[in-house]
Amino acid sequence: MGGAKTDIKLISKGKRIDGRGFEELRPIKIEAGVLKRADGSCYLEWGKNKVLAAAYGPRECFPKHTQNSYRAKLTYRYNMAPFSTDDRKRPGPDRRSTEISKVSREALEKVVFLEYFPRTAIEVYVEVLQADAGTRCAALTAASVALADAGIPMRDLIVACAAGKVDDEIVLDLCQEEDNYGSADLPIAISPRTGQIHLMQMDGTLTRKEFSTAFEMAQKGCLKVNELQKKALKDKYEKIGEEYGTE
Amino acid sequence: MEQSDIIWEVKKDAIRRMVKSGKRSDGRTGDEYRKIEFIEGYIPKSPGSCLIKMGNTQVLVGVKADVGEPYDDSPGRGNLSTSCELSPLASPDFSVGPPGEMSIEIARVVDRGIRESKMIDMDKLCITEGKEVWTLMVDIHVLDHDGNLTDAASMAAVKALSNAYLPKYEDGKVLYTKQGENVPVKEQPVSCSFVKIDETNILDPVLEEEKVMDAQITIVTTSKGEICAIQKSGSGTYSREEIEGMVDKAIERGKEIRKNYW
Numbered sequence: 001m002g003g004a005k006t007d008i009k010l011i012s013k014g015k016r017i018d019g020r021g022f023e024e025l026r027p028i029k030i031e032a033g034v035l036k037r038a039d040g041s042c043y044l045e046w047g048k049n050k051v052l053a054a055a056y057g058p059r060e061c062f063p064k065h066t067q068n069s070y071r072a073k074l075t076y077r078y079n080m081a082p083f084s085t086d087d088r089k090r091p092g093p094d095r096r097s098t099e100i101s102k103v104s105r106e107a108l109e110k111v112v113f114l115e116y117f118p119r120t121a122i123e124v125y126v127e128v129l130q131a132d133a134g135t136r137c138a139a140l141t142a143a144s145v146a147l148a149d150a151g152i153p154m155r156d157l158i159v160a161c162a163a164g165k166v167d168d169e170i171v172l173d174l175c176q177e178e179d180n181y182g183s184a185d186l187p188i189a190i191s192p193r194t195g196q197i198h199l200m201q202m203d204g205t206l207t208r209k210e211f212s213t214a215f216e217m218a219q220k221g222c223l224k225v226n227e228l229q230k231k232a233l234k235d236k237y238e239k240i241g242e243e244y245g246t247e
Numbered sequence: 001m002e003q004s005d006i007i008w009e010v011k012k013d014a015i016r017r018m019v020k021s022g023k024r025s026d027g028r029t030g031d032e033y034r035k036i037e038f039i040e041g042y043i044p045k046s047p048g049s050c051l052i053k054m055g056n057t058q059v060l061v062g063v064k065a066d067v068g069e070p071y072d073d074s075p076g077r078g079n080l081s082t083s084c085e086l087s088p089l090a091s092p093d094f095s096v097g098p099p100g101e102m103s104i105e106i107a108r109v110v111d112r113g114i115r116e117s118k119m120i121d122m123d124k125l126c127i128t129e130g131k132e133v134w135t136l137m138v139d140i141h142v143l144d145h146d147g148n149l150t151d152a153a154s155m156a157a158v159k160a161l162s163n164a165y166l167p168k169y170e171d172g173k174v175l176y177t178k179q180g181e182n183v184p185v186k187e188q189p190v191s192c193s194f195v196k197i198d199e200t201n202i203l204d205p206v207l208e209e210e211k212v213m214d215a216q217i218t219i220v221t222t223s224k225g226e227i228c229a230i231q232k233s234g235s236g237t238y239s240r241e242e243i244e245g246m247v248d249k250a251i252e253r254g255k256e257i258r259k260n261y262w
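Line order of the protein sequences matches chains A and B.
Just so you know, the first sequence maps onto residues 1 to 247 in the working numbering.
Just so you know, the second sequence maps onto residues 1 to 262 in the working numbering.
Hints were generated in silico from the structure; no laboratory data involved.
Glycine residues also receive a C-beta, built at the ideal position from the N, C-alpha and C atoms.
Some clues are possibly wrong.
List time: in silico EDC-like cross-link candidates among lysine to aspartate or glutamate, alpha-carbon distance up to 20 angstroms [claimed, not checked]: (1) A:LYS110 to B:GLU252; (2) A:LYS209 to B:ASP93; (3) A:LYS110 to B:ASP198; (4) B:LYS211 to B:GLU40; (5) A:LYS102 to B:ASP144; (6) B:LYS20 to A:ASP168; (7) A:LYS230 to A:ASP86; (8) B:LYS118 to A:ASP39; (9) A:LYS102 to B:GLU210; (10) A:LYS73 to B:GLU101; (11) A:LYS73 to B:ASP214.
To give an idea of the interface, some chain A residues facing chain B are shown, with a C-beta separation under 7 angstroms as derived from the structure [said to hold, decoys possible]: (12) ASP18; (13) ARG20; (14) THR75; (15) GLU99; (16) LYS102; (17) GLU109.
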């Protein structure tokens with residue numbers, strides 16, 4: 001958490017700084033199949049976040065010594081564009097993006113049928129074009145749509161969402177101001193079909209009770225976002241159907 | 001596959017069976033730490049240091065302080081930076097080179113615990129607002145890797161910071177050999193890591209348990225029993241009840257560590 005001090009009132013009269021209620025998500029738009037060359041892709045807007053994800057594979061695995069004889073190798077690259085933040089972000093991987101890439105890859109490993117494609121590589125590349133808090137959740141949500149769009153067999157669509165603490169209130173889906181000046185952030189990713197937790201991180205301070213409240217709120221948020229993921233995939237095929245005529 | 005992994009492939013089943021039946025290779029129960037030994041001030045040339053021995057795991061943490069510029073968004077606060085070195089002397093699986101995912105993750109989780117628990121009074125590390133502040137550098141050196149590096153590193157870092165001092169700062173010069181004020185410490189977070197093997201979660205894993213784990217979770221708690229950092233890693237998954245249960249245990253174990261060692 002930023003934990004910085006501020007005079008800005010983050011919550012007044014039961015509304016948040018951007019006018020949302022405590023359990024309200026920012027507006028989300030998801031579109032599948034937006035890139036021509038990638039095997040699968042997804043464009044996602046989540047509040048002011050703009051994220052583009054591309055998926056490849058299964059394809060040949062390089063370098064060869066990293067091949068696994070039992071399953072496909074999954075790679076995940078989370079990258080922030082230099083122009084995505086207020087200051088220019090130095091291009092290339094840093095410690096933060098390395099950590100996010102690692103936990104996001106691990107969140108996907110159990111839902112992709114990696115064992116179907118030994119010795120191959122399945123790769124996900126996510127570019128954060130504009131960042132506004134909650135980019136790891138937006139990126140992971142887009143990544144699973146891109147993987148599905150690439151036709152890669154999966155057990156479920158992983159979906160991510162965060163809850164946090166702002167001005168002593170537990171709220172869903174923190175925006176930039178809330179992230180900078182709030183006191184806790186709890187991003188999680190779940191598999192909606194099983195309810196299992198695939199990713200969990202937390203920073204800030206929460207009491208035991210607040211933790212449970214935030215956990216439950218984030219889970220509910222995930223389920224809402226999951227509906228939008230499914231709709232994006234269906235919409236893509238409906239569009240194709242309209243173009244070619246359905247009979 | 002790394003060289004020593006072949007042995008683990010053979011041992012895996014045995015360890016799995018043992019954990020399933022509620023036993024562990026060193027006779028501990030599922031939620032028991034290994035014996036911990038702290039040697040504070042191990043490196044007298046460092047303003048703060050601690051060597052931790054947690055079973056066979058050994059981690060050395062040194063703290064250095066220097067004067068630098070504050071960040072734009074926190075002109076009146078000091079800085080903290082944490083790094084972790086996984087040298088080949090600690091394990092045949094480690095190699096030299098730039099920090100990998102594992103060392104970055106350990107450093108960032110330790111950093112998060114210290115930062116979010118508000119262990120250090122960052123306001124007191126300000127010398128001239130907007131111009132000069134103290135930067136604390138916490139360097140984690142793993143010496144012998146027998147599992148649970150995150151907890152070992154975190155505990156050693158907390159101890160090292162707690163006994164650290166700032167050098168004297170006079171006329172714009174840092175006098176590194178002269179002892180000034182102590183590092184302003186307000187809190188001592190405790191890190192608590194569990195690994196999941198099949199359906200069982202066990203505290204403070206040794207290396208052979210880590211080698212067969214499905215997932216790992218680190219929960220850092222404060223003296224007030226609050227949660228200040230969590231990191232789930234590994235490809236395995238958890239149910240909500242499992243996580244809630246481990247959070248309760250982490251709070252309990254945190255109290256125990258504070259009572260016995262702090």
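(request) Enumerate the violated hints, using their earlier numbering and listing them in ascending order. (result) Violated hints (numbers, rising): 1, 2, 4, 5, 6, 7, 8, 12, 13 and 14; every other hint is consistent with the structure.
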